[in-house]
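There are 4 protein chains.
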Amino acid sequence: MSHNTFGHLFRVTTWGESHGAALGCVVDGCPPGIRFTRAEIQHELDRRRPGQSRFVTQRREPDEVKVLSGFVLDDDGETMITTGTPVSMLIENVDQRSKDYGEIARQYRPGHADYTYDVKYGLRDHRGGGRSSARETAARVAAGALARKVVPGMVVRGALVSVGVKDIDRSRWNWNFVEDPENLFFTPDPESVAIFADYLDGIRKAGSSVGAVIEIVAEGVPAGLGAPVYAKLDQDIAANLMSINAVKGVEIGDGFAAARITGEENADEMRIGNDGKPVFLANHAGGILGGISTGQPVVARFAVKPTSSILTPRKSIDVDGKDVDVRTKGRHDPCVGIRAVPIGEAMVACAIADHYLRHRGQTGRD
Amino acid sequence: MSHNTFGHLFRVTTWGESHGAALGCVVDGCPPGIRFTRAEIQHELDRRRPGQSRFVTQRREPDEVKVLSGFVLDDDGETMITTGTPVSMLIENVDQRSKDYGEIARQYRPGHADYTYDVKYGLRDHRGGGRSSARETAARVAAGALARKVVPGMVVRGALVSVGVKDIDRSRWNWNFVEDPENLFFTPDPESVAIFADYLDGIRKAGSSVGAVIEIVAEGVPAGLGAPVYAKLDQDIAANLMSINAVKGVEIGDGFAAARITGEENADEMRIGNDGKPVFLANHAGGILGGISTGQPVVARFAVKPTSSILTPRKSIDVDGKDVDVRTKGRHDPCVGIRAVPIGEAMVACAIADHYLRHRGQTGRD
Amino acid sequence: MSHNTFGHLFRVTTWGESHGAALGCVVDGCPPGIRFTRAEIQHELDRRRPGQSRFVTQRREPDEVKVLSGFVLDDDGETMITTGTPVSMLIENVDQRSKDYGEIARQYRPGHADYTYDVKYGLRDHRGGGRSSARETAARVAAGALARKVVPGMVVRGALVSVGVKDIDRSRWNWNFVEDPENLFFTPDPESVAIFADYLDGIRKAGSSVGAVIEIVAEGVPAGLGAPVYAKLDQDIAANLMSINAVKGVEIGDGFAAARITGEENADEMRIGNDGKPVFLANHAGGILGGISTGQPVVARFAVKPTSSILTPRKSIDVDGKDVDVRTKGRHDPCVGIRAVPIGEAMVACAIADHYLRHRGQTGRD
Amino acid sequence: MSHNTFGHLFRVTTWGESHGAALGCVVDGCPPGIRFTRAEIQHELDRRRPGQSRFVTQRREPDEVKVLSGFVLDDDGETMITTGTPVSMLIENVDQRSKDYGEIARQYRPGHADYTYDVKYGLRDHRGGGRSSARETAARVAAGALARKVVPGMVVRGALVSVGVKDIDRSRWNWNFVEDPENLFFTPDPESVAIFADYLDGIRKAGSSVGAVIEIVAEGVPAGLGAPVYAKLDQDIAANLMSINAVKGVEIGDGFAAARITGEENADEMRIGNDGKPVFLANHAGGILGGISTGQPVVARFAVKPTSSILTPRKSIDVDGKDVDVRTKGRHDPCVGIRAVPIGEAMVACAIADHYLRHRGQTGRD
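Residue numbers (the numbering used here), protein chains in the order written: chain Z, 6 to 371; chain D, 6 to 371; chain U, 6 to 371; chain L, 6 to 371.
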């Protein structure tokens, strides 16, 4: 990855801050002939949009995506068909309230990138976090909506599996419930909704915050994607997920738990299935062996740290080198991890789409 | 990352299989004027070399590195000075016992990349795992030995913090002990040696295996390296570590544990120190905020799965689509994670060296 | 270069077709702290804008650039200061007359990319040439306006040196005249204006077209930029210039003429100047030796083929595999090469800016 | 291109100087299943090897290539089959006469990269030109030998079309003659041999040198390779050719001459052939329209400057900032361009192979 671009053949470049005129992405290398609608892209954006429950910030942006290039319109006047040239998408920033950033402009908020920005660049756009704003992730989600269509038959879904110290019960996993309108958390465990809501209400009232763990599962990924060494599929998935704001850990399949089991337990045994095709009897590997997809579901998890903006004052310093106590006012999320679910899906979809094209390029196989 | 190259300005390309004539790396983009000796490179290689205790495989390779290009010799006839052109390093494969691979050549070993190689490439070099051989990591270690010298004052060290279900006691952490000749495990906790040895003896006798967790700490990393979005320092560290064989998870700073604490706990507070410079009062972030280094130690951990080669037969299939039971004969490591310590150090050093040059390129600052 | 991005540290991605909503570029990797105004960018765009004389097409686009991200406004409310994050610039397409493309949509125009697009992508946007439209070059010019500011003291200028079979007289070279309002051709030779005008009037009335040769000179380029082998400064300049539509040849310094002189003539001799600094006594090399800049002016030339859209019918085929005669109606340029001058400047500026940052990254020198 | 690597999917990294232990290349991204022999690689190396006539330097290196990785041996014990992993090739430097470089080590030879190296890196390996040595091109030729096999049916050939002021007569073009043992110049015009020999004998005796122009023709290139904007096939060919030492100009098809003809003349008309397939009636475009291959032969030419090492003293300076007169002693080529023919072929083959894989990756078509 380099700068603000990721991917090798399916390449995504994002740009924009939360307080400029707009933000967007350029998706380059998309195969020609892929059919999509603006509504499909918008649907993914709406899934990550803040302001949908009391547990996510109240900034109400329509986040309306415009598709500016890279397609021809089909005769229905609605379906776009990619031409193989760059697809540029743009989202205008509507909610640019000119609030008073006076203090924050000169203070380094703990847990934020304020101090590191200043050290790196010698200046920073303090309004809304600059490039580190969560709004940047809208561009990724838009790109991911296209990536989902690159690999025929692939379905990428995500779910929240932990909020702070509360975990779901995996025995109740129900993918259908994840997108249920009653579900405020992208959780796959219906009974966890009340538990999470109760827990987060307490966190929210205390002006505090907690982190979360999200699991992404990609089904329908052909076997053979990736490479043995530095273009491992899991490596690019890890890099893509780690590039999301506030992510501090990534794991594939059993992940860290794999280190605690034996080789016998960890071996995903195989047999020839009734249809004569190979079947795996387990999936500790998370669908990737030696950096290459096995054909099983690809499973990745990532940990999001607690929101850094909290009401309790924290010790810090300002740009003049003075000690200050920093307290974040205004809207904040008790758990930014909730909204990370569609973002994680998008990043995994992009990584797999890229490897699908790379594999086809090198080997001539789909 | 692409194919067999990683890094953007400090670029490493590795090549070679365990059963060919040799393996090696090309380090491209190294700054001119860096002084090093062959002995320094060799020292790092010797640290990862197998055959040093009963807990690592008995393949006895001298792993003697040759430096073929990219330097001029200083007057002492020993010190090499980089010229800024590619440094090519080569390690010959001595131990190429032509053992009988008959069965293994046609069977897919569970947990190995055998099946995925065949699906991807349509053929594979079954001898010793091809590119997935642990020997490939020697090339990374050689490259890392140069990377260590790119960032003035940087020290990168690693330690084993868990073996299977056994963890070290962090209160006894002693960096000096890690390189102690009595220390068979790169553990920083002297009392853990007996515990690990006893535990692994049992694993080894059972023909079984376990995984491990390794922690890498880079000190002396200047603040300002990295970028806010897709060239995050933590992201490239994660990608580099995930590219090591058998790694299934990576975390930075508190990592997955960060998701379970509150924003108050997670905030690394700051104060102006006695010398007038900023100091952090904690390092939950692992030295990286918003993708950019803070100047604190950079801390990363990675999980290695249990060795896939075990004595207990596992169900699998062969290339002809028949069910078989696979049992690995011959030498094997009860815990491949032990040797991963110098490899992890090398990969972290390479990531930071690359970002040091990229930061200097974009901003003109060191 | 890859897809629609060029550059390594100073990276430019362009997107958009002439008949979509807009086109634009994302400039990534720009150093922080560079001061520029929208008017400066606009000035460069106005220089390449068609519709300024009878020798360039009459499409009258305002080509008004919007800068969407990557800057903070200085207190004057006008000066933008780069933050080091991506600078996204957008130009709306105003003149999208829905003319009848019926015939052209199904015919392959000789000399155009129609046939190759269809073979490559299986479909194409026939309106205005898709990505191959000359309008795409506006995005490059905008990016180049920023690139010019990256290297302190660098001045990049271009001039038309041939139109069809007519050449300038180099003894009359006058840089000041190039931007003279009376100068319709970016020619440095005042007396050539009447000659070119007369010649092109004939070409235009015949519905014909001719090509041109453009020379770009970059002064103030520090010695030391580039690399000896595959990151040669001249190589990246050549690639950048060859990426401009209709360019069929590129040369550096004496170029093809160098092949016809002797080693004695070609050697740029050196002496120590009065100020104790090295001076070159000639510049056959065009400011680049062994891929690395010498500190002399960097000189590149490129040849633009005649406009493919002409009034005389040409034999071709259509998408149904039938023979047809194609004749281009409507507006066309008798010599597209005229407008290529600011585009060539932009591409050379981008190549040098990129190498300036790369050199600084690897060596720590400016 | 970056550093010492070129190509995007078919990637070549070269390393090594003329006076180190060895030089070589790593070819990464080669499709699996390609069959080749060491003898085939060696054959290409032998074609560029110096010391074959009185017109090329007398350094007699066997240039014996070793293939170290990336293949399995077929049952014949000779045929190598690529596995899809990096193919590392190495050529030892045998002729490292420790001659006295005393003077040259401190003088900047005009036309050479001596001065620019020192400015860039602050030090240089003065023995034999370091990376700028013509020996580096052996690595490219070895890589090109593999590239030739990536595109089924492709044939890449080159020929010398000018030496100094002497041009071939194109009406006598005979590809078979190019490889004739009597042909000292890779010329396609049998009658030019005597002319070139006579001319170069004079140049050689005068201790002087001249340049040359080489033409490369690739037949059997499928239509559709390349891209409309920054991944143009001609652009990557130009970059690859410009990366060869001493090359000062590159052109595609009619090249610079295209600028002097009319649109009518330049249009490559098309018709449907007897077999119902499109045929072009001319090839002014050199097989590439809008950056994408047409299916016609791809034609590129490049100009090589006169050898910089000549016997006549030239004015220069030394590292201490003193005026000196430099005269090159010892072996030298009167025309380095002769040997550039197989090198040019290799670079064109690599560019096309890369685009073949990229096209297949993006579009799924061959």
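Source of the hints: derived by calculation from the structure; they are not laboratory data. One or more hints might be untrue.
Claimed, not checked - Keeping only pairs whose Cα atoms sit at most 25 angstroms apart, straight-line, the calculated DMTMM-like set for lysine to aspartate or glutamate is: (1) K71(U) <-> D330(Z); (2) K71(Z) <-> E97(U); (3) K320(L) <-> E274(U); (4) K282(U) <-> D328(L); (5) K210(Z) <-> E269(D); (6) K320(Z) <-> D325(D); (7) K282(Z) <-> E269(Z); (8) K282(D) <-> D330(Z); (9) K327(Z) <-> D280(D); (10) K334(L) <-> E184(U); (11) K210(L) <-> E97(U); (12) K320(U) <-> E269(L); (13) K282(U) <-> E270(U); (14) K171(D) <-> D330(Z); (15) K320(L) <-> D323(U); (16) K171(L) <-> D203(L); (17) K320(Z) <-> E274(D); (18) K210(L) <-> E108(U); (19) K154(Z) <-> E224(Z); (20) K282(L) <-> E270(U); (21) K320(D) <-> E269(Z); (22) K320(U) <-> E224(L); (23) K282(L) <-> E97(U); (24) K210(U) <-> D203(L); (25) K210(Z) <-> E270(D); (26) K327(U) <-> E274(L); (27) K71(D) <-> E108(D); (28) K282(Z) <-> D325(D).
Would you check the hint for K320(L) and E274(U), treating anything up to 25 angstroms between C-alpha atoms as holding?
At roughly 5 angstroms apart (the allowed maximum being 25 angstroms), E274(U) and K320(L) satisfy the hint.
Restraint check for K71(D) with E108(D), where alpha carbons must lie at most 25 angstroms apart
With a Cα-Cα distance of about 35 angstroms, the restraint between K71(D) and E108(D) is violated, given a limit of 25 angstroms.
Tell me if the straight-line CA distance from K320(Z) to D325(D) falls inside 25 angstroms.
violated, 66 angstroms
Compare the distance between the alpha carbons of K320(Z) and E274(D) with 25 angstroms, and conclude whether the hinted pair is satisfied.
Between K320(Z) and E274(D) the Cα gap is close to 5 angstroms, so the pair holds against 25 angstroms.
25 angstroms limit on alpha-carbon distance, applied to hinted pair K210(L) and E97(U):
The hint is violated at about 64 angstroms.
Are the Cα atoms of K282(U) and D328(L) separated by 25 angstroms or less?
holds, 11 angstroms
With the threshold set at 25 angstroms, check whether the alpha-carbon distance from K327(Z) to D280(D) stays at or below it.
With Cα atoms ~13 angstroms apart, K327(Z) and D280(D) stay inside 25 angstroms; holds.
Between K320(D) and E269(Z), does the CA-CA distance stay at or below 25 angstroms?
Answer holds: K320(D) to E269(Z) is near 11 angstroms, not above 25 angstroms.
Can the restraint linking K320(U) and E224(L) be considered satisfied, given a maximum Cα separation of 25 angstroms?
OK: K320(U) and E224(L) at ~24 angstroms, within 25 angstroms.
Is the Cα-Cα distance between K282(U) and E270(U) 25 angstroms or less?
holds, 23 angstroms
Would you check the hint for K320(U) and E269(L), treating anything up to 25 angstroms between C-alpha atoms as holding?
With a Cα-Cα distance of about 11 angstroms, the restraint between K320(U) and E269(L) holds, given a limit of 25 angstroms.
Check the hint pairing K282(L) with E270(U) against an upper bound of 25 angstroms on the C-alpha distance.
Judged against 25 angstroms, a Cα distance of about 51 angstroms means the pair is violated.
Checked against the numbered hints listed earlier, the structure breaks hints 1, 6, 10, 11, 14, 15, 18, 20, 23, 24 and 27; every other hint is satisfied.
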